[in-house]
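S.K.: Below are the chains, spelled out letter by letter.
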Amino acid sequence: MSAVTLVKDSVNATTQELDVEKIGIANAANDLVIEDSMPTSRKKVKKTQPNYTRKIDSEFVTFLKNIIPPAFGLLVFLGLWSVLTIFQPALPGPVSTFKSAVLVFKHPFYVNSLDDQGIGWNILSSLGRVAMGFGMAALVGIPLGFLIGRYEFFSKMCAPVISLLRPVSPLAWLPLGLLVLKAAAPAAIWVIFISSVWPMLINTAVGVSKVPQDYMNVAKVLNLSEWKIVTKISFPFVLPYMMTGVRLSMGIAWLVIVAAEMLNGGAGIGFWLWDEYNASNYEHIIIAIFVVGIIGLLLEQGLILIAKRYSYE
Amino acid sequence: MQTSTSVNTEKKVATIPAQERYMQLEEINMTFVTKKGTFEALKNINLDIKEGEFVSIIGHSGCGKSTVLNLIGGLLEPTSGLLFCAGREIFGPGPERAVVFQNHSLLPWLTCYENVYLAVERVFALKETNEQLKARTNAALELVGLTHATDKRPNEISGGMKQRVGIARALAMEPKVLLLDEPFGALDALTRANLQDELMKIMMKSGCTAVMVTHDVDEAVLLSDRIVMMTNGPAATIGEILDVTLTRPRNRLGLAEDQEYNHLRGEVLRFLYDRHAKKAA
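Same order as they appear, the protein sequences are chains A and B.
Under the numbering used here, residue 985 is the last one in the first sequence; the count climbs by one each step, no gaps.
Under the numbering used here, residue 288 is the last one in the second sequence; the count climbs by one each step, no gaps.
Think of the hints as simulated: they come from the structure by calculation, not from any bench.
Computed from a predicted structure; not experimentally measured.
Even glycine gets a Cβ: it sits at the ideal position worked out from N, Cα and C.
Treat each hint with caution, since some may be false.
Footprint (simulated), chain A over chain B, 3 or more residues, beta carbon under 8 Å [to be verified]:
1. 125-134
2. 193-199
3. 245-252
In the BS3-like style, the derived pairs of lysine-lysine whose C-alpha atoms are separated by at most 27 Å in a straight line are [stated by the list, open to error]:
4. B:Lys212 x B:Lys134
5. A:Lys892 x B:Lys141
6. A:Lys892 x B:Lys285
7. A:Lys882 x B:Lys134
8. A:Lys980 x A:Lys900
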C-alpha cells in the first residue's frame, strides 16, 4: 500500500515540476514574441485613427519603445565585455572577435581534411546529429507519453524508472554509449536521445492525463473507437502540451550537443570550439558561443511558430 | 389532484403496455465511494417512462438528479437495481440514448459541422455512403437553425448557438431517448426561452422520448408531460410525480395567464420550497 502511494506521489511531484517548467518557458516565449506581435497592433492603429500625423508619431514612438531597450541591453553587454578584456588581456575583445568572424564566415564551406572544415560544415553536422537524436527521442517519447497518460497501469509501471533516469546528467550516458555502440558518432546521438526524450515524454503524458472529463464523456456517449478518441480528442488537446515538451527537448538536445562533441571529436560546432581552443584561436571560441546561441534561438522561435500554427486556440 | 403516477390523458392515445413501460428504473440505489467514506446518493428509485414522453427531473442541487441521468445514459452503473430501455437492460452508453450536456461539451478544435459529423459517422458510417452522412449532418444543423455557422469553431459562436450544436449532435444520432442535463442552465434568460420553444418544436417533430434534468420550475412545466420531483440528498429518492396535462402545442405567452399552468407551477414550487426546502448552504 505504502509503496503504491509513494510512486503516486513521485509522479505527482514530477508533473507539478513540469508544469512549473512549462509556465516558465511559456513566459519566456511570450517575452520573445512581443516583437512579432507588433505589426498587427500597428495595423489596428491605422484603422481606428484617421489622424495621420498622430499615427506616424505613435508608430514611430512604439517602434522606438520596442527597439531601444534591447539595443541598450546589447550595448551594455558589449561594454562590459570590452572592460573585461582590459583586465583580462587573454580574452579576445568584441572588435577582434568581429574581425575574425568576418574571416571565418568568408569561406564557411571549405574542406581541408576531416578535422579541418569550414564553420558551415561544422554547424550542419551538429544540426544533423541533433536531428537524429532528437527525432528518435520524439519517435519514442511521444507515443510512450500517450500510453502513460492514457493507461494508469502503464503510468504506474513507468513512474519509478522515469523518476530514476530523468535526473541523470547527459554526459553520464556517454561512456555507456561508447561501450555499446563502439563508435563516437552514434554515441553522441545516443546522448542526445536519452537526455532529450524526457520532456517530450512527460509533457505528453501530463497532457493526455489532463484531457477534460467532459470530452471523455462525449467519447463515451458517442461510443467512439480508441483510434477516434486519440485522433479527434486526445491528440488535438495534447498538441500544445506536446509542443512545449518538444521545445524543452530541443533546447536540451542543442545544449548537450556541444558537450558531446567536445568529448567525441569529428566534425561539429562543439568539436570546432574545442579544436580552436587547442589551436589557440581564442576569438573562434567566442564566435562558436555566439553561433550556438543564435542557432538555439532560431530553433526555439521556429518551434514557437509551428506551435502557434497548429494551436486550436 | 394532479399528483398521481399513472393518469391517462387525452393527449396520449391508446397505449399498449410495452410503450407504457418504454424505459424502466427498478429499485435503483447508488452509493459513491469517496475519500471520506461511502456516500449514499440515491435510494430506491423506481420510475417508468412511456415512449414519446417528455419527463423532467427537478430537485435542489446535490439531490442526485444528474446521477439519475448519467445512470440512464450509461455513464454510471448503479450500485444495485436494474435499468431497461426498450426492453433491453442498459449496459454502458449507446447510440439510442443521446446526451445533451450542460456545458455543451463541443470539441473546440472541430467546426460545428465536424462536431456533429463525429456523432453521425459513428452511428451510420457502416450503413450509409459519405453523401448520406453529409446530408444527415447538414439536416441536423438545419433543424437547429445553424446552417450559417457550419464552418465556425465553438469559440467563434455564442453560448446559445453552442448549445444548439450540442442538441444537433445528439439528434443527428437519431436516438430513441434524448437525455438533457440542465441543457439551458448556462444560458441567459432570453436565449433560454428561445431555445426552449425550439426544443418543443423539435421534440414534436421527432417524437422521441426525452428525460431532462433541470432546476428551473417554468422550464419543467412548459416542456414536460410529467415532472419527477426529487427529495433532498443524501439518499435522495422520488418525492412526487406531477402530471402536466396542458395541451400541446404550448405557447409561452398564452400559458402565462393560464390557471392550470399556474396551478402546476405552484405545486412544484410548494414541493421544492415548502415540503422539501433546502437549508441555506
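S.K.: Hint compliance check: list the failing hint numbers for this structure, sorted ascending.
M.R.: Violated hints (numbers, rising): 2, 3, 6 and 7; every other hint is consistent with the structure.
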